[in-house]
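Undergrad: Single-letter residue listing:
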Amino acid sequence: MTEDVRRRVISIIMEQLNVKEEACVPEAAFIDDLGADSLDIVELVMAMEDEFDMEISDDDLAKIRTIQDVIDYIDKVHG
Amino acid sequence: MTEQRRRVVISGLGVVSPLAHTLSDTWDAVVSGRSGIAPITKFDASGFKTKIAGEVTGFDALAFVSAKELRRMDAFIVYALAATEMALHDAGLLTGTPLGDRTGVIIGTGIGGIATIEKEMATLLEMGPRKISAFTIPAALANLAPGQIAIRFGAKGPINCTVTACSSSNNAIHDAFRSIVYGDADIMITGGTEAAVCPLTVAGFNAMRAISTRNDAPEKASRPFDTDRDGFIIGEGCGIIILEELNAARERGAPIYAEIAGSAVTSDAYHVAAPPPGHEGAVRCMTLALKDAGMMPADIDYINAHGTSTVLNDVYESQAIETVFGEHAKRLAVSSTKSMTGHLLGAAGGVEAAITALALHHGTLPPTINLDNPDPECTLDYVPHRARTHSIHGALSNAFGFGGVNAVIAFKKWAESETL
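Line by line, the protein sequences are chains A and B. Each step along the first sequence adds one to the number in the numbering used here, with nothing skipped, and position 51 is 51. Each step along the second sequence adds one to the number in the numbering used here, with nothing skipped, and position 138 is 1138.
Incorrect hints may have been included.
Said to hold, decoys possible - Taking lysine-lysine pairs in the PhoX-like style, the calculated list, with each CA pair at most 25 angstroms apart, reads:
(1) K1049/B x K1119/B
(2) K20/A x K1068/B
(3) K1131/B x K76/A
(4) K1068/B x K1131/B
Rather than coming from a laboratory, the hints here were simulated on the basis of the structure. The model shown is predicted, which means the values in this text are computed figures rather than measured ones.
Given the sequences, and given the hints that come with them, work out the whole structure.
TA: Here you go:
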């Protein structure tokens, strides 16, 4: 499950942020390491919500900083 | 003796047009009298009265913007960035150093990101407000054309976006010219951009009966001053000119295509779409532009006409030229390059300023193609069918927009031998 989630998350990030797979390590932070700005984050969240059929609240979003944070969040939602 | 005002020259040109993706190829197409009008490919136009346009096709946007940037910009912004990069390169200003606070950007656009608005509206209706892209507003805002140019090239001087329909570009050039004359900037990136070949625009202009429905012969559809004209053809693209204070341009050895000697803007205060008979607003505008330039009617050898291929414009613009120029109207040449490019709306004046500058530079009168049977009420020399070699010392470029806006730019040939 987690490996499948990881693969889909990274695929979306590569597409949305136009970054290479090598950059998408678990600890990579969207803003500091992957060059995202606030608008990119909004687009990224929309794409994740579509892909994983969920809604990420603004409160939860504030806690998400890295790729691993997203994967953990999705694992938690889909338990 | 009053101090001579600061003089302004054109030191760089960049064009993306329905004819070609570069300035030099666009100029070659203009001189050879080729049409850029073809069936619409950007959407399924089979249910529309008009199925033809002047589209920019096969354009390699990724040569100018990243895939990530492309998602947050409407095409009118992408065209503007591309044409600006080419114009700055042409001017020798693409050095990688930010252009700084003595360089400004004033760009016109008629309807900005209308295709983005149309697309996101469909998403809103089908899927609800949560599915609207965060890039909707910055992709569509008209002033993000100059905004993205300023950000990309580090231009921190005056910035503005003129939105005056089909005279947007000339309003921009007028304001940019004055920014240099007044001393607010030494270099101005100006012109106009448009990317409005989309269902809403075509349907809207169709409803106004403003555009041609000659779908069976696209290349013949834009026929300014011809008896059989039946409206304009929507075009898209971008024309950017780099204006520079004369001494600054000379000091750095910049290429000089022509001088902008003066300009003017007037209002018809008459009707949202139609010009008044005799086009008094255009008469005053051409007269004021000549006065601003310190030129006499006899100094003008060429007019790049607004020449839309609509029934009213072409007659009234011809009448206005006769009123301003009197007997000299029979001697000067008037052509509408929209016969080849189509009508680029807010970008028209930018592309036509670039063409007019090259006409002066090369001593070549661009043709009006498709002028097979001149309207009996259009009696000037429209340079039918073929370009002509002819020394041009002074030129005007006319642009008139819905809302009754008239904006005219006066050009002078640049001669390196000229004493200052």
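Undergrad: Each of the hints needs a verdict: does it hold here or not?
TA: Hint by hint, here is what the structure shows:
1. K1049/B x K1119/B: holds, 21 angstroms
2. K20/A x K1068/B: Distance of about 13 angstroms is within 25 angstroms: holds.
3. K1131/B x K76/A: With a Cα-Cα distance of about 24 angstroms, the restraint between K1131/B and K76/A holds, given a limit of 25 angstroms.
4. K1068/B x K1131/B: holds, 19 angstroms
Going down the numbered hints, you'll see the structure goes against none, and every one checks out.
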